[in-house]
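A.B. asks: Sequence:
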Amino acid sequence: MFHQMSQSSFDFGTTGGYRNPFFQSVFIQGRYVLGLSDMIKDSDITNRVIQLSLEYSFK
Numbered sequence: 001m002f003h004q005m006s007q008s009s010f011d012f013g014t015t016g017g018y019r020n021p022f023f024q025s026v027f028i029q030g031r032y033v034l035g036l037s038d039m040i041k042d043s044d045i046t047n048r049v050i051q052l053s054l055e056y057s058f059k
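full-length UniProt numbering numbers the first residue of the sequence shown as 1 and each following residue consecutively.
What the hints contain is simulated information worked out from the structure, not anything from laboratory work.
All values derive from a computational prediction rather than experimental measurement.
C-beta atoms are modelled at their ideal positions from N, C-alpha and C, and glycine is treated no differently.
Do not rely on the hints blindly, as some may be mistaken.
[To be verified] Taking CB as the label site, the calculated pair distances span:
| no. | residue 1 | residue 2 | range |
| --- | --- | --- | --- |
| 1 | Q24 | I45 | 22 to 30 Å |
| 2 | L52 | F10 | 23 to 31 Å |
| 3 | Y32 | F10 | 18 to 26 Å |
| 4 | T14 | L52 | 14 to 22 Å |
| 5 | L52 | F12 | 20 to 28 Å |
| 6 | N20 | V49 | 15 to 23 Å |
| 7 | S25 | I50 | 18 to 26 Å |
| 8 | S43 | T14 | 36 to 44 Å |
| 9 | Y32 | S6 | 33 to 41 Å |
| 10 | K59 | L34 | 13 to 21 Å |
Using the sequences provided together with the hints, build the complete structure.
C.D. replies: What follows is the structure, encoded as structure tokens:
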């Protein structure tokens, strides 16, 4: 059997990132998201996300 955990329905965090033009219409982007609030009460479990993207601009 699984233990029922009390999950939070709200998450608060901060984001940092960098976007760089690779060519005239192509960009690469990286982002890091750090969750600051506990997702499960009475624990140290938070959200952490790394995002990488490749963008193309139609101009």
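A.B. asks: The structure should be examined with respect to each hint, and the outcome stated for every one.
C.D. replies: The hints, checked one at a time:
1. Q24 - I45: 22 to 30 Å: 43 Å, violated
2. L52 - F10: 23 to 31 Å: 27 Å, holds
3. Y32 - F10: 18 to 26 Å: 20 Å, holds
4. T14 - L52: 14 to 22 Å: Holds - the Cβ-Cβ distance for T14 and L52, about 18 Å, lies within 14 to 22 Å.
5. L52 - F12: 20 to 28 Å: 24 Å, holds
6. N20 - V49: 15 to 23 Å: 20 Å, holds
7. S25 - I50: 18 to 26 Å: 25 Å, holds
8. S43 - T14: 36 to 44 Å: At 20 Å between Cβs, range violated.
9. Y32 - S6: 33 to 41 Å: Given a distance of about 27 Å, which is not inside 33 to 41 Å, the answer is violated.
10. K59 - L34: 13 to 21 Å: 33 Å, violated
Violated hints, listed in ascending order, are 1, 8, 9, 10; each of the other numbered hints is respected by the structure.
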